[in-house]
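With the hints as your guide, set chain B with the ligands onto chain A.
Quick note, the sequences are listed as chains A and B, same order.
Everything in the first sequence is counted per the UniProt record's numbering, starting at 1 for the first residue and increasing by one.
Everything in the second sequence is counted per the UniProt record's numbering, starting at 1 for the first residue and increasing by one.
These are calculated hints, taken from the structure and not from any lab test.
As the structure is a computational prediction, the values presented were derived from the model and not from experiment.
Hints should not be assumed to be uniformly reliable.
Computed list of lysine-lysine pairs in DSSO-like fashion (alpha-carbon distance at most 30 Å, straight line) [stated by the list, open to error]:
1. A/K11 <-> B/K104
2. B/K93 <-> A/K11
3. A/K23 <-> A/K11
4. B/K93 <-> A/K23
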Amino acid sequence: MSIGNMNLTLKVWRQKSTKDKGKMVDYKVANISPDMSFLEMFDVLNEDLITKGDEPIVFDHDCREGICGMCSMFINGRPHGPKDAVTTCQLHMRSFKDGDTIVVEPWRAKAFPVIKDLTVDRSAFDRVIAAGGFISVNTGNAQDANNLPIPKAQADAAFEAAACIGCGACVATCKNASAMLFVSAKISQLALLPQGQPERYKRVQNMVAQMDAEGFGNCTNTGACEAECPKGISLENIARMNRDYYSAKFISEEEG
Amino acid sequence: MGSIANAFSSSIGKKLIMGLTGLFLISFLVIHCFLNSFVFFDNTGVLFNEGAHFMATNWIIRAMEIVLMLGLMLHIVQGARLTFENQAARPEKYAYNNGNANSKWYSRSMGLLGTLLLIFLIVHLSQFWTVSRFTGIPTVDSAGHEDLYAVMKETFKNIWFVVLYVLSMISLAYHLLHGFASTFQTLGWNHKKYTPIIKAVGVWFSILIPLIFAAMPVWIYLGL
Ligand code: HEM
Ligand code: SF4
Ligand code: FES
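Next comes chain B alone, as it looks inside the complex:
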């Protein structure tokens, strides 16, 4: 048995990959949430477009974008694999299983919540990311930057997209409610003093970030 060779294929190794990619996705959420919250402060969209322009032209960000996409794919592939393997580990189900007596429903539904997030991500990326990176944004704003804000305003005229975004952010909240603290346990950090802090920060993070995200389409739909 080689040392590092099978480190990532074992049960703990697979979890390590989930934990590391999950943590990386969390750090991405922070930056994404910060930049997008510019929509709340300038309804001409100039500020938001400036942020988007910076992200689109800075080479460090562009390089990180590739890492992000790879990380996301690894998270998804590995998450799907874990989910299927874990189902196979109990071929015969219980006639009656009272799961709520010992764990949270969202902790037991990470695969489902992740799948909802995946569907959302496909819609979301095709609405904004492919437009800004590949097909091109049709108009420019008063400062001469590509008007991604206008694309957003157009998209969120449709109430159903607003609903989809809000529901997806609820899925994200529950995914994080388990995932945030779980990552630290996976990485081996369980400590009498610090784990309660991690858990508390996790709850705040899981509510706050999705809430800010969900407020954006609502804000734009209402024309605020």
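So that you can see chain A by itself, here it is in the shape it has in the complex:
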């Protein structure tokens, strides 16, 4: 493929397995189109490596349209690269200049061990969800709209929290590798709606306990997560989770 004119130097983290020590390796890519996505640029590089008989670089991706949250790459010191509110798959090469050197690393956190190269194991998030990020009722048939009156502002806030795609950029960028933004979004999307009320205080206790058990760090309110979140999840969710947690521990009778 030679459809563009950008030449770049990449410094990419290569690691054979979870146990391998891993190291940064330099690669040159040529003739990159500015209209390619960052992942497509990696596809070009991998084609090249395969042709040469080298091992291609393993990286996670699925939807390539910013909704699945798989494309975890720490690019030039920032999760999902230099642009705000985009995932790596939605980042275009025009965000870089011809001749640039780009450093690409996997998410780094004790709770997200590297599986291979740029792919990390984010199943810690799944276990946090399994600890309480659901409602225990059968949904039944679709209900009439507005059967349950929900104030607009409340519905909007729940919807904004529900926009979290579980990508883990918040953990990746946080100096403490804390998962508070993710967990608070998953708690808020239910805590803000009537369906989430019955298990509200049990949920927050169990999900926070699981988050701690997974080895994520403690939040110190640096705000890096909110700044880097591709879906604009707000710190207000963390404050809400804290409030719910205090209520759960000190006032409510629901045990975790």
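Chain B with the ligands in isolation, oriented as in the chain A frame:
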């Protein structure tokens, strides 16, 4: 899982302790700053010594002093614990991390700033607090009160102590620049209307209080 039992040992619980003790230390700063600013208004030191005498003899203040010391220790122990645990949560560091793109350096350096404050506090308490509470102040002023002001004048003849105090107050300013607003977020108060106000008050507080403190040794050194 008991309800209250593990409330303080979880990640949010640890932060709650940091927030509550931090808020308490802030309230202490206000009182300490107010009383000490007497040095600006009377260079004989009588006014300042009277304030110090009141603080040393009032039983409510003495009781609060114990709470303050316990609170400070809790803040330090918990702060150290948070810092170490958080480092352990990322065993392998990034080769290149552009932290300044998404957060303030002082927000990421609370442990370091706190350690600088701790060193300062050890020096500071040994210079004044242990003297006034334990080893005894050698002289009395014209009103017959123990002359803590004289101890202060003696201490700040040394320019290096003046420098240490001023630098430490810069550390305090940055610690508060993050800490003040952070406490309210930790306590769960994040509100579209009030959070901007908290942040603005926090900035003013973080500049003003350390500035007044830093002015004291300079004032005394210059003999004003
Ligand atoms: C007069 C002295 C001090 C004041 C007024 C103060 C105030 C604060 C405040 C308000 C916070 C924010 C709490 C929160 O985010 O909920 C904080 C956090 C913190 N402080 Fe202090 N502090 C003082 C001294 C110290 C000392 C001596 C240390 C020593 C090691 C220290 C270490 C920390 C650490 C590590 C944090 C955690 C950062 C975070 O959670 O955001 N502080 N402090
Ligand atoms: S809160 Fe944002 S950064 Fe964190 S997992 Fe969800 S979408 Fe990704
Ligand atoms: S590949 Fe799905 S969000 Fe990027």
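**Broken hints, by number** = Violated: none.
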